[in-house]
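Undergrad: Please build the complete structure, drawing on both the sequences and the hints.
Those sequence lines, one after another, are chains A and B.
Note that numbering that gives the first Met the number 0 numbers the first sequence so that position 1 is 0, with each residue one more than the last.
Note that numbering that gives the first Met the number 0 numbers the second sequence so that position 3 is 2, with each residue one more than the last.
Hints are not guaranteed to be accurate.
With beta-carbon atoms standing in for the labels, derived distance ranges [stated by the list, open to error]:
(1) A:Gly17 with B:His260: 51 to 61 Å
(2) B:Val46 with A:Val15: 16 to 26 Å
(3) A:Asn2 with B:Trp187: 28 to 38 Å
(4) A:Ile11 with B:His260: 57 to 67 Å
(5) A:Ile11 with B:Ile50: 17 to 27 Å
(6) B:Ala247 with A:Met0: 53 to 63 Å
(7) B:Leu210 with A:Gly18: 22 to 32 Å
(8) B:Arg254 with A:Gly17: 41 to 51 Å
No wet-lab data here; the hints were simulated from the structure.
Virtual Cβ for every residue (Gly too), placed ideally from N, Cα, C.
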Amino acid sequence: MTNFYIAAAWVITLGVVGGYALTLVIRGRRLSRLVPAERRRWMADASRDVDADTADATTADFGSVDNIGQSATRSHAAHGGAGGASHV
Amino acid sequence: MTPSNSASDTATDSAPTGSRSALTSTSSTGSRALGAAALITVALGIVYGLIISPPDAKLGSTVRIIYLHVPTVLAAYLAFIITAVGSAMYLFKKTEFWDLLASSAAEIGVIFFAVTIIDGALWGKVTWGVFWRWEPRLTTSAVLLLMYIGYLAIRALPADPHTRATRSAIVGLVAVVNIPIVHKAVDWWRGIHQGQTVLGTVDPNMAGNQLFAMYMSMLAGILVFVWLLIHRFRVGYLTERTEDVALAEAIEARRLENVGHGG
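TA: Following this line, the structure appears as structure tokens:
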């Protein structure tokens, strides 16, 4: 019976985390089709040259989200200032 | 008011020739490399944790559940700490980046912590004979999980983005106080849960393949967590941009309507 609980723990852990990862990938693909590539900052390098694919990993992932943070100031200020304008 | 067609067309039209899937996903060169590294460590963790690692002298085969329990709780703690940092920074800077970082980490933290509790319950069934006991570590853990579920519930309430982010940032800062309580519960109160393993380092009696399996699992847990965080952040970012596109389309439609009436 011990082996059953061990197997259950591994199946549940890998299943839940793997399933969550899969849903993220699927949601990301669905949403990416709705947003222009130039507005997806992590695509900056790929948009210029997809085949090159040589962008520095750290810069591609984290340098870009910093930029998002910069531009996001405007985004939240606009939403907050409009008092729920997103529900128009 | 779906922003589907025009936004989709814009996205695909602006893309140069090349890997289409790379242009319509949340992956990048860095995240793909990280994902590959995570998969390799997970595979090594499975092989060492289930096959190569010998049974423990005290715990027997149930040590194989500990190879899951420790990495998942480590990732959950890391996630909740990032949530607190993101929350504090949001209250200070008021930028979308910190709000998205905090909420993304919280969601992943809840997943990992729920799995931690499930693994612990399965381990408890084998070791203690019951899935659950209301002892200090387990009770404080349940409270911690409920607090972060509350955090996610607050984010789901209808509100403008700034209000939602401010409310959840306050909860994110309050909830993190529970982590040291959970961690020290085994020292402060008498219970049946074993002593600290995560931040007090791994069991000092572990060695050889057992120790390697534990470290490999911990590394896998951290890499998977970081990969999930990057992708969850990007999904959150895209969700916000989709709402922006929908808003812009609504404004444009209203403008054209007014122009039509005026003409």
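Undergrad: Does each hint hold? Answer for all of them.
TA: Cross-check of the supplied hints:
| no. | hint | in the structure |
| --- | --- | --- |
| 1 | A:Gly17 with B:His260: 51 to 61 Å | holds (54 Å) |
| 2 | B:Val46 with A:Val15: 16 to 26 Å | holds (20 Å) |
| 3 | A:Asn2 with B:Trp187: 28 to 38 Å | holds (35 Å) |
| 4 | A:Ile11 with B:His260: 57 to 67 Å | holds (59 Å) |
| 5 | A:Ile11 with B:Ile50: 17 to 27 Å | holds (19 Å) |
| 6 | B:Ala247 with A:Met0: 53 to 63 Å | holds (59 Å) |
| 7 | B:Leu210 with A:Gly18: 22 to 32 Å | holds (30 Å) |
| 8 | B:Arg254 with A:Gly17: 41 to 51 Å | holds (46 Å) |
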